[in-house]
Amino acid sequence: MSAKQRDAQVLVVGLGRFGSSVAETLMELGREVLAVDANPATVQRYADVLTHVVEADSTDVRALKQLGAGEFKRAVVGIGTDMEASILTTSALVDLGVEEIWAKAVTEAHGRILERVGAHHVVYPENESGERIGHRVTGRVMDYIELDENFALVETRAPAELVGKSLRESEVRRRFGITVVCIKSVGEPFTYATQDSIVMDGDILVVAGQRQYVESFAERD
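With the numbering used here applied, the sequence shown corresponds to residues 1 to 221, in that order.
Hints in this document: simulated from the structure, not taken from any laboratory. Nothing here was measured: the structure is a model prediction, and the numbers come from that model. No incorrect hints appear here.
Cβ-Cβ distance ranges computed for the label pairs, FRET-style:
| id | residue 1 | residue 2 | range |
| --- | --- | --- | --- |
| 1 | S216 | H121 | 20 to 26 Å |
| 2 | K165 | E28 | 29 to 35 Å |
| 3 | S216 | P40 | 33 to 39 Å |
| 4 | G68 | R174 | 40 to 46 Å |
| 5 | E28 | R112 | 28 to 34 Å |
| 6 | A63 | V181 | 43 to 49 Å |
For each residue, glycine too, the CB sits at the ideal point set by N, CA and C.
Based on the sequences and whatever the hints tell you, model everything.
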């Protein structure tokens, strides 16, 4: 699998309410999703919705290896109520070398265990929706808040084409249909953006606009 393919594909284990929401959001963002669930009825339900859906025991590292789980750069463990399965699955993905693992936790104790076995990001669904996590899993989006049905606020790193230019020079509103609300330079706090704000390498931007436009902007390298 090439580096580009690895960036475009995400493994999602567990298709409950949270996992399915993450998976469907990733599909909307143009990612390919390999979903794994132990329930055959759930697998059948999502067979025509997601790129690939497989029935398998995710606690079995050999089964995950056969599915090529170790080839994925990013994985989401959406298993929650079965804590043992959640922990064993996360541990198996760590053993297979997955670089970035997002794991759902239902309690703080559960979350601490997931961190100890190697989860890179622990998510508490009562605080963060599956849709929001789906955006963050893509790598470019650091945070995502949908303010209305078609209007969102996104925190993302500044794309290279804006570096060294003021927002006026870059014409971000005309070119991308978004508004840069805040800028954070390395080692500095967030400040309100103006048309004279100059974007530097490594800056973090908070942008607002219609969902399709902010998502497209966040995907720019």
